[in-house]
Each structure stands twice: as C-alpha cells, then as structure tokens.
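Q: In case you want the letters, here they are:
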Amino acid sequence: MQPGLYHILFLSTALFFIGVYGFLTRRNLITMLMSIELILNSVNLNFIAFNKYLWPNQMDGLFFTLFIIAIAAAEAAVAIAIIINLYRSHNSIDVENAEDLKY
Amino acid sequence: MKGSDIIFYLLATLCVVFALLSVTTRQIFRAAIYLLFTLIGIAGIYFWLQYEFIAAVQIVVYVGGIVVLIIFSIFLTQQTGEQLPKQKLDRKIFAALAVFAGFALTMVQIYQHTFFETDEMAITPTVENIGKKMLAVDSGGYALPFEVISILLLAALIGCIVIALRTKTESK
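Chains A and B supply the protein sequences, listed in that same order. Yeah, the first sequence ends on 103 if you go by my numbering, and it's all consecutive. Yeah, the second sequence ends on 172 if you go by my numbering, and it's all consecutive.
Heads up, some of the hints might be wrong.
[To be verified] PhoX-like mimics (lysine-lysine), calculated; alpha carbons at most 25 angstroms apart, straight line:
no., chain 1, residue 1, chain 2, residue 2
1, B, K132, A, K52
2, A, K52, B, K86
3, A, K52, B, K133
[Unchecked claim] Okay, the calculated bits of chain B under chain A, using three or more residues with CB under 8 angstroms as the criterion:
no., stretch
4, 37-49
5, 61-68
6, 126-138
7, 148-154
Hints in this document: simulated from the structure, not taken from any laboratory. No residue lacks a Cβ here, since even glycine has one placed at the ideal position from N, Cα and C.
With the hints as extra help, turn the sequences into a complete structure.
A: Next comes the structure, spelled out in structure tokens:
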C-alpha cells in the first residue's frame, strides 16, 4: 500500500499518544520533558504532512514547524535550567518532591 | 511495493518502537538514547517527504542540541547506574487505557474525515523559497514571527542566566 497522508497521520497520532503515556506515568522531570519533546515532534510531523499532501501551493505548515522547533529548543533550555536549579535546592528531580513553591 | 514505501514503513516502525522504549525503560540514560533514535527516524521521514531543509533543522536542533542538553542534565542530576523507581501498576493501567481510548477516538475521526487537496501548482520547498518567504514583509510573509522568535530566544537566554545565578547569590 502506497504510504500517504493517512499513514503519516497514524504515525503522528501514535507518537503523540506515546508521549502522553510517558507524561502520565513518568515521575522524573527529565523523562517528562522527553515525553513533551515526543508530543511536539508529532505535531511537527502533522504540519509537514498537511503541507505536503493538502496544500503544496503554500509553505505555511513548513514555517509553523520551523517556529515550533525554535520554541521547543528555547523551552527545553529553560526547563533544564529550572530542573538543575530544583536539583540543587531539593536534591531530587521527582515531581512528588517538588510540591512547595517559593513562599 | 516500491522501495520508497518499504523505507517509509521501516522509518515509521523505528520511530514508534524507539518512542515506546523511550517512555517505558527504567534507565534514564537509555531513555535519552532511545529518544535520539526516534528523532533521527522523524528526520528520516522528513527526508522521505522531500522536505530536506526541515530534516536538516530537525537533526541540527533536536539531535545535536536538545538531546545533548538532556544527556548533560542527566549527568548532572542522576546517580550513575541507578534505575528509576517502579511505577504503581494501577497508574500504568489507567494511563494505558486513557491513551488507547484517545488514540482510537482520534483514528476513527481521521478515517471518517475526507481531506480535500488543492489543484494549484506546488511550490518546491527549496532553501531559496523558504528564505524569501521567511523575510518577506508583504501579506503572507513571515518577517514579523521571525523577529518575535529572535526576541523569544534572547529572552530564554537571559532567563536561563538569571535562573542559574539566583541560587548562588541567595543561598543561605
């Protein structure tokens, strides 16, 4: 069977829900961040597939993907800075231990 | 079945299998390496779709940047050789049920929906076309989001420095 839009949508849906599963079951902040990266990647794949198969006369999906990649990079950098800071003060990066705010 | 179809199925299987391993393994370093393979597989699918620029960006930013950042933070925060604590079985079961229900619902919706393609001429996403569109200021151009993203990256840079500084000055 020739792979088309539906195959890529199946793949990206599968990746999205694998990411959601990881986000629900993991309790370590770094692994939760990895799940979020999976979810963002499935969204990117969706944008590219719609751009390729439905609107090849425009490049909007491609630009959305570029901007999502840029935002994901910034998000990962800030999240890891926060995680390392949390490790310094709590000596653990488990979400169960990170329940107190600053005040 | 043509060769390119087989390549697509191989890449898709690689992505899904390594994503599953990445969210289920109990060794955090292995989870990061499995995530790396998933991201490479997605870059391969972008190559397969002939979006070479996006594939290159995916490899440079995700594989070269974010995964390396994650591995460094694992080195800084995790004791070596220590496994993640076992999760409660009921949490796993409920998460798997919720995820499976969501997946089934989404797939049913997708297969019931018919998508309409345009008949207009396709633009090939070459680097030249992308660059011209990225910096165009007329309608449909992406000059404003481009500048907003650059401000966001600057803000993230400064934010990371501020977060890293604070504990040093306020540690009592």
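Q: Hint by hint, say whether it matches the structure.
A: Hints versus structure:
1. K132(B) to K52(A): Answer holds: K132(B) to K52(A) is near 19 angstroms, not above 25 angstroms.
2. K52(A) to K86(B): Roughly 42 angstroms between the alpha carbons, so the hint for K52(A) and K86(B) is violated.
3. K52(A) to K133(B): Satisfied, since the Cα-Cα distance of roughly 17 angstroms is no more than 25 angstroms.
4. 37-49: It holds, with 6 qualifying residues against the three required.
5. 61-68: holds (count 4)
6. 126-138: n = 4 at 8 angstroms, threshold three: holds.
7. 148-154: Per the Cβ count (3), the hint holds.
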